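Each chain is listed here by its residues.
There are 2 protein chains.
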Amino acid sequence: MGEELFKFTVVKEDPHTWARAGILHTPHGDIPTPVFAPVGTQATVKTLTPRELEELGVTLILANTYHLFLRPGPEVIAELGGLHRFMAWPKPIMTDSGGFQIFSLEPLRRFTEEGVLFRSHLDGSQHLLTPERAIEIQEMLGADLITCLDECAPPLDREYVKEATDRTHRWAERCLKAHKRKDQALFGIIQGGIFPDLRRESARFISSLGFDGIAIGGLSVGEPKEKTLEMLEVVVPLLPRDKPRHLLGVGAPPDFFESISRGIDIFDCVLPTRMGRTGALFTRKGRINIRNARYARDSRPIEEGCTCYTCQNFSRAYLRHLFKAEEILGPRLATIHNVHFMVNLLREIRQSILDGTFSSLREEFLTAYPLEEPLKMAEED
Amino acid sequence: MGEELFKFTVVKEDPHTWARAGILHTPHGDIPTPVFAPVGTQATVKTLTPRELEELGVTLILANTYHLFLRPGPEVIAELGGLHRFMAWPKPIMTDSGGFQIFSLEPLRRFTEEGVLFRSHLDGSQHLLTPERAIEIQEMLGADLITCLDECAPPLDREYVKEATDRTHRWAERCLKAHKRKDQALFGIIQGGIFPDLRRESARFISSLGFDGIAIGGLSVGEPKEKTLEMLEVVVPLLPRDKPRHLLGVGAPPDFFESISRGIDIFDCVLPTRMGRTGALFTRKGRINIRNARYARDSRPIEEGCTCYTCQNFSRAYLRHLFKAEEILGPRLATIHNVHFMVNLLREIRQSILDGTFSSLREEFLTAYPLEEPLKMAEED
Numbered sequence: 001m002g003e004e005l006f007k008f009t010v011v012k013e014d015p016h017t018w019a020r021a022g023i024l025h026t027p028h029g030d031i032p033t034p035v036f037a038p039v040g041t042q043a044t045v046k047t048l049t050p051r052e053l054e055e056l057g058v059t060l061i062l063a064n065t066y067h068l069f070l071r072p073g074p075e076v077i078a079e080l081g082g083l084h085r086f087m088a089w090p091k092p093i094m095t096d097s098g099g100f101q102i103f104s105l106e107p108l109r110r111f112t113e114e115g116v117l118f119r120s121h122l123d124g125s126q127h128l129l130t131p132e133r134a135i136e137i138q139e140m141l142g143a144d145l146i147t148c149l150d151e152c153a154p155p156l157d158r159e160y161v162k163e164a165t166d167r168t169h170r171w172a173e174r175c176l177k178a179h180k181r182k183d184q185a186l187f188g189i190i191q192g193g194i195f196p197d198l199r200r201e202s203a204r205f206i207s208s209l210g211f212d213g214i215a216i217g218g219l220s221v222g223e224p225k226e227k228t229l230e231m232l233e234v235v236v237p238l239l240p241r242d243k244p245r246h247l248l249g250v251g252a253p254p255d256f257f258e259s260i261s262r263g264i265d266i267f268d269c270v271l272p273t274r275m276g277r278t279g280a281l282f283t284r285k286g287r288i289n290i291r292n293a294r295y296a297r298d299s300r301p302i303e304e305g306c307t308c309y310t311c312q313n314f315s316r317a318y319l320r321h322l323f324k325a326e327e328i329l330g331p332r333l334a335t336i337h338n339v340h341f342m343v344n345l346l347r348e349i350r351q352s353i354l355d356g357t358f359s360s361l362r363e364e365f366l367t368a369y370p371l372e373e374p375l376k377m378a379e380e381d
Numbered sequence: 001m002g003e004e005l006f007k008f009t010v011v012k013e014d015p016h017t018w019a020r021a022g023i024l025h026t027p028h029g030d031i032p033t034p035v036f037a038p039v040g041t042q043a044t045v046k047t048l049t050p051r052e053l054e055e056l057g058v059t060l061i062l063a064n065t066y067h068l069f070l071r072p073g074p075e076v077i078a079e080l081g082g083l084h085r086f087m088a089w090p091k092p093i094m095t096d097s098g099g100f101q102i103f104s105l106e107p108l109r110r111f112t113e114e115g116v117l118f119r120s121h122l123d124g125s126q127h128l129l130t131p132e133r134a135i136e137i138q139e140m141l142g143a144d145l146i147t148c149l150d151e152c153a154p155p156l157d158r159e160y161v162k163e164a165t166d167r168t169h170r171w172a173e174r175c176l177k178a179h180k181r182k183d184q185a186l187f188g189i190i191q192g193g194i195f196p197d198l199r200r201e202s203a204r205f206i207s208s209l210g211f212d213g214i215a216i217g218g219l220s221v222g223e224p225k226e227k228t229l230e231m232l233e234v235v236v237p238l239l240p241r242d243k244p245r246h247l248l249g250v251g252a253p254p255d256f257f258e259s260i261s262r263g264i265d266i267f268d269c270v271l272p273t274r275m276g277r278t279g280a281l282f283t284r285k286g287r288i289n290i291r292n293a294r295y296a297r298d299s300r301p302i303e304e305g306c307t308c309y310t311c312q313n314f315s316r317a318y319l320r321h322l323f324k325a326e327e328i329l330g331p332r333l334a335t336i337h338n339v340h341f342m343v344n345l346l347r348e349i350r351q352s353i354l355d356g357t358f359s360s361l362r363e364e365f366l367t368a369y370p371l372e373e374p375l376k377m378a379e380e381d
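Going down the list, the sequences are from chains S and F. In terms of this note's numbering, the first sequence opens at residue 1 and continues consecutively. In terms of this note's numbering, the second sequence opens at residue 1 and continues consecutively.
Do not take every clue at face value.
[What the hints assert, rightly or not] Residues from chain F that face chain S, not an exhaustive set, calculated with beta carbons under 7 Å:
no. : residue
1   : R297
2   : L329
3   : L345
[Said to hold, decoys possible] Here are the simulated EDC-like pairs of lysine to aspartate or glutamate, each with C-alpha atoms no more than 16 Å apart in a straight line:
no. : chain 1 : residue 1 : chain 2 : residue 2
4   : F       : K285      : F       : E304
5   : S       : K180      : S       : E136
6   : S       : K162      : S       : E201
7   : S       : K324      : F       : D123
8   : F       : K324      : S       : E136
9   : F       : K182      : F       : E114
[To be verified] Among chain S residues calculated to face chain F with C-beta under 7 Å, some are:
no. : residue
10  : T44
11  : V76
12  : E79
13  : L80
14  : H84
15  : S104
16  : T130
17  : R297
18  : S299
19  : F314
20  : A317
21  : H321
22  : L329
No lab work stands behind these hints, which were simulated from the structure alone. Here the structure is a predicted model, which means the values were calculated and not measured. Glycine included, every Cβ here is placed at the ideal spot set by N, Cα and C.
Starting from the given sequences, assemble the full structure and let the hints guide the process.
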């Protein structure tokens, strides 16, 4: 299905870890991997224009099917030429299936074999999302990479996880059957909570279906960080080498190193955008809160040597002023810096894999970057 | 005072009206006139970066002394290298005196001969703004064009207007005496409400003091539009030909034509930015409200043929979606379009004066553009 249009080339494998540098070819351009995709929930990466995203070196964004289904609706977007044209973003787009958002709607949703029945958080209207409908909607939206409907159960409840994972497998088969567009790559999703046997079973089953890519779901949703990493170690060796691997909804800067060294190629996360809007700014030494009084007269950029538009032009003092004065330019400039930080970090990691210096970059980065609390992030922004 | 640094050249005068095309030379670059200055109340033109302002062809912005005095404070801005560097805007800046904002603070303010005593709208702290202090603050901010402290009385109360105008004159002399920096042009302000004799007296007095530029205050603050225009007709012929004339806080697109044909060179107004943030977008046929349901599937740009970034890339349907979804990109794209509309209109007007076609452009524009309610706008955004 669309395999010729979505060739994934592994360019270099790190000899000491599972890390690899690759290129995912799509009809809207090449995506060098590992890659970080900013989240554009409502067909806009919050505060940024497509031009800015391009200048930041973004090569992939993720939009949320649940939100676009409710507003403006897939028919409107299809009528206006699809998501790329609607939001004027000419490069690759991925859509999720909507399952994760709807799972979070409790008690406004109910999962059955048929699909998931839910009420809109906007107007309370009732909808049934089936695997077939999830694919139909994503075909109308027209992203390059699309996703099977899955059920992301809370990771610790084995019985529920087993049931949800089995259902996710049956839905994966239905999604595959429903998917018609040749210019979209369909990703299967692996579930299985924090149970190695369930994760192995899911990895083997999803891998057997011949998807264009593999997503790993249900991780970094509250379980201990060691469990997340253990699951990656269990799953990744069972995956086809020639398909891209997406770890859904991750993550913070240290997570990139840990996950890439365990074989992940694609990340999406609201962290840089959502944090940016609150004034939390990433640096190589951890996050700073620009609203802090200590920055009131600080003429330095957020981070010395950073090449983003924000750091090239504005002081911490000015940024703090914008946040204190509640000016929109504050969240804008913070988002530019944070997205640049993430995209640039992934670019550096990729280069280090090509150069054979991944392990030393990883050590250097993790030494300077403080341990952070695990961050629980919804996959929407 | 700074005359060599601020030469104003009249390039062409319209033979049929008082309209003229000129160039105001400043230490931060030339300002072709007539010109529209977007308002950057808190050292940011709301939603826009300096880079965007440059791309929009903006050559002058106005910042509000009252707001910057309260936050972050003139000392902070001076310590960080002045307003240009603080906000990373390399082109000309004008500051008002703060008088207009403070006048609007009633009952939190009291005017006396010494100055105006007021309480901050942010924290209730009490301050005395004298003519000398208004100049001192503006010297710390470091704008290219600065303004005398004045009192803008309600335009209809003759006795109050007379008193306020006389005081404004005495304050003008004190401001002139207090002003030391040679790299700033000081504008005197004419008051006089809607009373021709008071306006004439004020025009003559202010003109006699040798300011670098003349601002006309206290108009478009609620009086009938005919009165505004009548006051311009009374005042302008009494002003020195070789000084730029600024009509404070104006205006809507038709106002430009009416005021320019009566001899005005400089405008500032919050209209394009404030309107833009609510989804009101300017076109040659008047304003449209992009939130209207009729635009839900409208694939056209805001205005056919418009060369702004917004119209070159996005449909009305997408803009409506952004506003309905309360995405920051909505106000951003709307502001870009509206500022482009104003700047571009002024550029066209200037060209028409040079080409000798001002009167026909004026007729053409005013025929297509519907009459609008008079807009009462504060001089801050």
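So, going through the hints one by one against the coordinates:
For the restraint placing R297/F at the interface with chain S, the shortest Cβ-Cβ distance is roughly 6 Å, inside the 7 Å limit, so the hint holds. Using the Cβ-Cβ criterion of 7 Å, the hint placing L329/F at the interface with chain S is satisfied: the shortest such distance is roughly 5 Å. Hint status for L345/F: violated, given a least beta-carbon distance of 24 Å to chain S, over 7 Å. Under the criterion of a C-alpha separation no larger than 16 Å, the hint pairing K285/F with E304/F is consistent with the structure, at around 12 Å.
Among the hinted pairs, K180/S with E136/S is consistent with the structure: their alpha-carbon atoms are about 9 Å apart, no more than 16 Å. Restraint check: the Cα-Cα separation between K162/S and E201/S comes to about 10 Å, which is no more than 16 Å; the hinted pair holds. Under the criterion of a C-alpha separation no larger than 16 Å, the hint pairing K324/S with D123/F is consistent with the structure, at around 13 Å. Proposed proximity of K324/F and E136/S is contradicted: the alpha carbons are some 24 Å apart, above 16 Å.
Our distance criterion of 16 Å between C-alpha atoms is broken by K182/F and E114/F, whose separation comes to about 25 Å. Taking 7 Å as the C-beta contact cut-off toward chain F, the hint placing T44/S at the interface holds, the least distance being around 5 Å. Among the interface hints, the one on V76/S holds; its C-beta lies about 6 Å from the nearest C-beta in chain F, closer than the 7 Å criterion. Because the beta carbon of E79/S sits about 6 Å from the nearest beta carbon in chain F, less than 7 Å, this interface hint is met.
Among the interface hints, the one on L80/S holds; its C-beta lies about 6 Å from the nearest C-beta in chain F, closer than the 7 Å criterion. Annotation: H84/S was flagged as interfacial toward chain F, and the flag is violated, the nearest CB pair being 12 Å apart, outside 7 Å. Using the Cβ-Cβ criterion of 7 Å, the hint placing S104/S at the interface with chain F is not satisfied: the shortest such distance is roughly 18 Å. The beta carbon of T130/S comes no nearer than 25 Å to any beta carbon in chain F, farther than 7 Å, and the hint placing it at the interface is violated.
At a threshold of 7 Å, the smallest CB-CB gap from R297/S to chain F is about 6 Å, leaving the interface hint in force. A cut of 7 Å between beta carbons decides the hint on S299/S: the least distance to chain F is about 6 Å, and the hint holds. With its C-beta approaching chain F no nearer than about 6 Å, F314/S sits inside the 7 Å limit, and its interface hint holds. Using the Cβ-Cβ criterion of 7 Å, the hint placing A317/S at the interface with chain F is satisfied: the shortest such distance is roughly 6 Å.
Contact between H321/S and chain F, as hinted, is supported at the beta carbon level, the nearest pair being about 5 Å apart and thus within 7 Å. Residue-level restraint check for L329/S holds (minimum Cβ-Cβ distance to chain F is 5 Å; threshold 7 Å).
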